[in-house]
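K.L.:
Could you put together the complete structure from these sequences and hints?
Protein chains: 2
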Amino acid sequence: MGDTGEDSRERIMDATYRALIETGYADLTMNDIAGQSETSTSLLHYHFDTKEDLLVAFLDDLIERIERDLADLADADPVTRLYDVIEWYVLGAGETEREALHTAILELRGQAPYNDRYRERMRQADRLIRNALADIIRDGHESGDFTNGDPETMATLLLATMDGARGRQLAGGKPGYAKAVRAALYEHVLADLFSEEAAEIWSALTGEAEDR
Amino acid sequence: MGDTGEDSRERIMDATYRALIETGYADLTMNDIAGQSETSTSLLHYHFDTKEDLLVAFLDDLIERIERDLADLADADPVTRLYDVIEWYVLGAGETEREALHTAILELRGQAPYNDRYRERMRQADRLIRNALADIIRDGHESGDFTNGDPETMATLLLATMDGARGRQLAGGKPGYAKAVRAALYEHVLADLFSEEAAEIWSALTGEAEDR
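Residue numbers (our numbering), protein chains in the order written: chain B, 31 to 242; chain F, 31 to 242.
Where hints are given, some of them may not hold.
As the list makes no split between identical chains, a pair holds if one copy fits it or if it spans any two.
Taking lysine to aspartate or glutamate pairs in the EDC-like style, the calculated list, with each CA pair at most 16 Å apart, reads [claimed, not checked]:
1. K204 - E150
2. K209 - E125
3. K209 - D114
4. K209 - E117
These are computed hints drawn from the structure, not numbers from a lab.
P.N.:
Structure below.
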């Protein structure tokens, strides 16, 4: 099979990912991206006029991936699903690739107030994750895992908290910050929300059970 | 009195503030800053070699201002002090100048992972505000306004939450997001922490009392 448009697009997205991880956003050039793929700069420009067009497509792909990941979670119990979504925001030691990607996204986020197209993607991702969190809380009320907490309010609170924690961890270069915030979130917010059984599942997931 | 070094520095910092608000960080040039002051570009370069040097000085000034603002708060009761610190993160309608400043700082924050000097300032500001929050919680325990909550844990949680809320508000262009998060924070975290009297002070401060 020859190189279809779909193939090239995928290769370019993959190259963008690698270039973002290596270079970050501000200093990224179309040449860097071409250098990461077997694609020539001219083929790159055939698909995408500007770096902005390319990054908008990259963000669209990222949003699709988040959607797929959230759909994959749907079969688990509400506590595990909640844990998994929150876990996205925790960057552990040695996760250098994920850290580099989120560092580049933090940069893009910083440009979003000045760029309608980036901003629209940030808003879409926000809505997606917030709705998923609210669904999880709602399902948890039905299953009896969660005993209180308005789904929309909780979703907004959880997302702001974990996102803020990761942002501060990256900008301040403080490993473990997001993990500390997750523990505080459990102690001050989630523990009040959880049934006894839910609390046990959570403790097992965070490994806190073993530490006590 | 002639133009002393201190005068020029102050004028340059003031011009940097206005230029950041107008242009943001990424597109900011030394010329923009000179254009905002009565300072020539050459005098600007006499004081600061690079845009980075200038912005590091600007961040240092900002940190000093935060320090002064926090010191000014020290006489108020713990609930009012807590409210005032959290209020910094709430950007209301019509606060366009503050919003523009924090938008520029969000951009700078996005560069911090790649820049040691910015990162060090982000970390300093983080430490300053976190310590202030922990002191407030500690004083609140002594005064009986707060009935539980480990000061360090609460400070980390509150800061991550409000910072995340403001960041999402700015990046997603969603007015009222930080305010909604503050309300959720009250409902799920602070209400459990506050004495009855403290809850009343808080409600009066947020104007929630009138809305009920």
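K.L.:
Does the structure break any of the earlier hints, and which numbers would those be?
P.N.:
none
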